[in-house]
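One letter stands for each residue in the lines below.
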Amino acid sequence: MNGKLATRLALLLLIVIVFLGSLGLHRSGASRKDTITLAGSTSVMPFSEKLAEYFMVGNPKCAVDVQGGGSSAGVQAAMNKTVQIGMSSRKLRDDEKILKEIPICYDGISIIVHPGNPVRNITEDQVRQIYNGEIRNWKQLGWIDRAIDAVTREEGSGTRGAFEELVMKKEYIDDRIMVQDSNGSVKEVVATDPYAIGYVSLGMVDAKVKTLTIGGVAPTVTNIRQNRYHMVRPFLYLTLGDPQGTTKAFIDFVLSRDGQNILRREGLVPVRG
Amino acid sequence: MVKTFFSREQAIKLLLLLAAFSSLLFLFVIFIFILGEGLPLFYRVGLGNIILGFKWAPTKGSFGIFPMIVSSYMVTLGALLFGAPLALGCATYLAEYAGRKTKIFLKPALELLAGIPSVVYGFLGVIYIVPLIREHLGGPGFSILATSVVLGIMILPTIISISFDSLMSVPVTYREASVAMGATKWQTIQKVVLPAARSGILASFILGMGRAVGETMAVIMVAGNALKIPLSVLDPLRTLTSNIALELAYAAGDHRSGLFSTGVVLLIIIMILNFVANFWVKRRVAG
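Chains as they are written, first to last, in our numbering: chain V, 1 to 273; chain F, 1 to 287.
Just to be clear, a hint being listed does not mean it is correct.
[To be verified] If you want the ones that stay clear, here's a sample from chain F, every Cβ over 12 Å from chain V, calculated:
1) I32
2) F42
3) P117
4) S161
5) R198
6) A245
[What the hints assert, rightly or not] A few chain V residues facing chain F, derived, Cβ under 10 Å:
7) Q140
8) D175
9) D258
Worth flagging that the hints you see were computed from the coordinates, not collected in a lab. Being a predicted model, the structure only gives us computed values, none of them experimental. Just so it is clear, CB atoms sit at the ideal spot from N, CA and C, and this is done for glycine as well.
All chains should be built: construct the whole structure from the sequences, respecting the hints.
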């Protein structure tokens with residue numbers, strides 16, 4: 001009995017050692033490549049992943065690892081050097097300005113409703129009034145007498161930060177407004193609830209939801225570039241000090257014609273070209 | 001030979017002792033961390049402003065979690081209203097009526113129910129329950145009602161297994177005495193068995209409440225997470241747990257401390273519930 005137990009313990013120990021060993025191997029295996037890590041805004045993440053894929057095809061010696069965490073986490077991570085590049089979808093606060101800001105593209109924030117909703121246009125004031133609780137019924141927007149199921153993002157999210165700055169100005173988002181914790185779940189709620197309204201990154205919009213024009217202006221790349229659509233925020237890469245080595249190579253790629261074209265195809269507005 | 005045997009015994013005993021105390025250590029460490037991160041904010045902002053504050057805007061300096069405390073209690077009670085009768089009925093059937101075959105079939109089914117990950121419950125809630133409520137009862141669908149139904153189902157296994165045990169621990173002689181007096185089976189259950197098992201059943205409700213208060217993922221998915229205190233069962237709400245999970249990813253500085261403060265309050269609520277449940281179970285053993 002005791003011998004059996006001892007064997008089992010020995011086996012367990014062996015498994016642990018092998019496991020730890022494999023971790024070590026993994027580490028040393030990865031270090032043969034030049035790895036850079038990006039972390040931050042979940043709005044920027046999917047596009048960074050796409051850019052990283054293309055970059056790694058052209059630079060097989062480099063590995064680019066993209067993680068989420070949110071804009072604030074991205075800023076933090078860049079500041080204490082846990083990552084080479086932080087990603088933010090909001091502007092930096094004054095105390096964060098020690099980081100170098102590199103805008104890679106611009107993103108429109110679009111107001112979305114259910115595809116079956118007949119409302120097509122809304123003004124920026126109306127959007128603000130929906131979110132500060134003054135407009136609560138679709139009748140006030142020329143549709144049926146039914147409460148508006150408005151959805152916002154959670155406190156701290158970059159998209160919410162940009163929305164508050166661009167639309168709410170100094171006003172609070174009302175406590176009755178529902179909260180979802182990602183662009184995806186806001187879109188999901190709006191896609192399933194005929195009476196819902198929400199805001200998501202322009203790049204996230206697809207056929208499951210309908211975008212509203214703001215004061216007659218549709219959130220399109222052309223309108224954003226010609227400064228007619230105003231709910232726009234920058235997507236930023238953040239580095240502590242000037243980027244070097246692989247980090248610089250990756251950022252140069254993102255800002256190159258090829259990189260910018262990739263972003264354009266994703267529905268974003270390039271910074272150049 | 002005898003000597004080595006003895007020392008091996010000792011070594012194993014010591015190893016097991018360490019294992020036993022490690023769980024205590026984990027509890028202690030968790031406690032210290034949550035308090036260490038959460039308490040400074042209580043100091044700075046004030047206990048009243050956090051626990052009784054109505055406004056949660058952590059990036060703008062308001063940390064009131066009163067609406068979330070109320071909401072947590074509301075859905076917990078809702079879950080109990082929905083789940084407890086069902087669970088008690090099931091436990092009573094299992095303990096008093098079910099034959100061996102039914103028991104063999106039902107028990108593993110219940111364990112399976114307990115093993116389904118909460119995200120699956122939440123997903124089903126979003127896909128089926130929320131639209132059902134929106135279409136037939138009004139409101140956005142994300143509501144106390146939806147959350148209570150989902151949580152009610154999730155706490156079934158907890159309540160059933162504990163109240164089943166307490167029903168089974170009622171001595172057979174009680175039942176025999178009652179039947180000998182001419183009582184029917186239902187009369188026996190109603191007048192003798194259930195009252196005798198009362199404290200255990202109450203304890204099972206309390207532990208079910210603990211499970212409901214602590215549930216996070218499924219709640220985030222179906223509750224709508226609005227910050228206002230819900231005024232009708234069709235209003236969305238945000239619980240303490242979902243507040244933490246919802247905002248943790250992006251939180252920094254005071255915002256983060258605010259979430260830890262939410263954790264402190266949650267910890268205290270769970271401790272009270274566990275304490276009450278233990279108290280009831282002890283009384284049952286003593287009586």
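Now the hints, each set against the structure:
1. I32: holds (23 Å)
2. F42: holds (19 Å)
3. P117: It holds; F/P117 is separated from chain V by about 18 Å at its closest Cβ, greater than 12 Å.
4. S161: The claim stands: F/S161 keeps its Cβ more than 12 Å from every Cβ of chain V (closest is about 30 Å).
5. R198: With a cut-off of 12 Å, F/R198 remains clear of chain V, as the shortest Cβ separation is near 41 Å.
6. A245: It is violated; F/A245 is separated from chain V by about 8 Å at its closest Cβ, not greater than 12 Å.
7. Q140: violated (17 Å)
8. D175: The hint holds - V/D175 has a Cβ within 10 Å of chain F, the shortest such distance being about 4 Å.
9. D258: Violated. Min distance 32 Å.
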